[in-house]
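Using the hints provided, position chain B relative to the given structure of chain E.
Protein chains in written order, with this note's numbering: chain E, 75 to 194; chain B, 1192 to 1619.
Worth flagging that the hints you see were computed from the coordinates, not collected in a lab.
Just to be clear, a hint being listed does not mean it is correct.
Capping the alpha-carbon separation at 35 Å, the derived lysine-lysine pairs in DSBU-like fashion look like this [what the hints assert, rightly or not]: (1) B:K1579 x B:K1466; (2) E:K139 x E:K149; (3) B:K1466 x E:K161; (4) E:K137 x E:K86; (5) E:K161 x E:K105; (6) E:K139 x B:K1466; (7) E:K139 x E:K89; (8) E:K161 x E:K111; (9) E:K111 x B:K1466; (10) E:K111 x B:K1367; (11) E:K149 x E:K105; (12) E:K89 x E:K111.
Simulated DEER-style distance windows between Cβ atoms [stated by the list, open to error]: (13) E:G88 x B:P1319: 44 to 54 Å; (14) B:E1612 x E:P121: 46 to 56 Å; (15) E:E107 x B:G1581: 51 to 61 Å; (16) B:A1522 x E:G88: 53 to 63 Å; (17) E:K139 x B:Q1488: 52 to 62 Å; (18) E:Q97 x B:V1304: 18 to 28 Å; (19) E:G88 x B:E1242: 33 to 43 Å.
By construction, the Cβ of each residue, glycine as well, lies at the ideal position given by its N, Cα and C atoms.
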Amino acid sequence: MRYMVLVGHDEKGGKTMSPEQHQALFAAYQKYEADLKQAGVLLGGDPLQGSDRGVRISTQGGKRKLLDGPFSESKEIIGGYFLLEVKSRDEAVQWATRCPAADLDSWSYVELREIQEIPR
Amino acid sequence: MSARDAHSADPVARVAAAIWRIESAKLIAVLTRLLRSVDLAEELAQDAFVEALQVWRRNGIPDNPGGWLMTAGRHRALDALRHTRRVERKHDQLEREQQGSIAADFDEASDDVIGDDLLRLMFVACHPVLSQEGRVALTLRLLGGLTTVEIGRAFLVSEATIAQRITRAKRSLAEKAIAYELPQPAELRARLESVLEVIYLVFNEGYLASDGADWMRPALCEDALRLGRTLAQLVPAESEVHALLSLMEIQASRARARGGPDGQAVLLLDQDRSKWDTLLVRRGLEGLTRAESLVQQGPGPYLLQAAIAGCHARARAAQDTDWPRIASLYAALMHIAPSPVVELNRAVAAGMAFGPAVGLAIVDPLQDDPDLRDYPFLPSVRADLLAKLGRFAEAKTAVERAAALTRNARERALFLERAAEYGRDERR
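Chain E on its own, in the form it takes in the complex (with noise of 0.2 Å):
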């Protein structure tokens, strides 16, 4: 079974952060992804860069429309994704659970996601 563990947050959360404890969660995640890896269900994952450089695409009244980043009308902002391979959901919650996104302030959080399997 694949989960995705997606890291939100609230990307001003991350500014009120100081450098030390911006080094601390970097080392939390690095640790974090070792521990993935060591137990042989990392499939991928990557960091993203913040909402102002991305887009949002819509069809709106039949009207192609693209919208700039930053998106500062929505509070939370995928910020990160890890692709795990598991064997059960419990595992998979076991693992979204130490994330160290579900350990910070409530400005950040962890949600995890099943991948559909299409038949193709």
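For chain B alone, coordinates are given in the frame of chain E:
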């Protein structure tokens, strides 16, 4: 721990089973370093786990269950060590010194140390003094976090048989006083070979599933991939480790394309390549590149096999396959790891690259090879080459022989279908 727990309605038991799967290898590895006994380490790890279940049922699951388990396991190990040392040495003075050194042992368990512990445990579980069956069972149990029930189910043998293999393997380790140390550099390659062999055996048991009607037992493939990924993280500089992982990932990428609508097998060249798992293909090809960059004294056998799998993975359609390169890779494999099965595969590739007559010239001498006497793919390959040369009557006889030799029901159906086809071609 029982296999039931993973499907239990009791949420604590289910969560605990998941935690066991994540933590047990590390816990057993650390305890084995402290106690110098795989058997005792596993026992105390399980005791710690039973204790965890009781406490967690009462107080809820802690935020850091892995740390909780490790602490509980270490306490038990410390008690066990104190007990043996108290029996061995009576003097208080010595006792105090010993406790100091034990405490130091416990403090140093940083992540690097745990990585080394895991690697040592892998080398011990796959030690060449053990039987192949023993190595496989011990590895899945100690490093894969599988229960004896799960291992038995995967290998289609009883739980008691697996338990016996594990007990026997542990006894061998104790009797032969196998040191719980990393192998010396001089013997590292040979010892690593044994670890890779065990992982690939587990993978193939899942991938080939030659007994019975099941074409694949995917859970074993996943266990092998997981062990391969762990090993690649623990010994990142070894070409063959990345090569084996690459080989397994590329093979596993085809899983969805290997079964036809009625459950029959679809051969590589007939597969719908859009069904291949692109993520696994990409990972496999990346691993292959890494393995190639780490080669020191010529490519190893897993690298050559991964390179062959990579040739297939890169071909967008079967007719785009680089057969001359595959034929030369098989020739290189014959050079370093000669076997009649490799030669048979070389014949297939040469037949595709240079024409069926060239392939047949390689296959025909293999018919006298005693190792291939009962191997269904020899007559199957011969039949294909003969048919391409228009010799349908001989092709039909050969593929019927293949059907008689296989133990896989679905494979047999495939061979008989081909026999009927050759019969029609002959009359045409």
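Looking at the structure, which of the earlier hints fail to hold? The structure breaks none of the hints.
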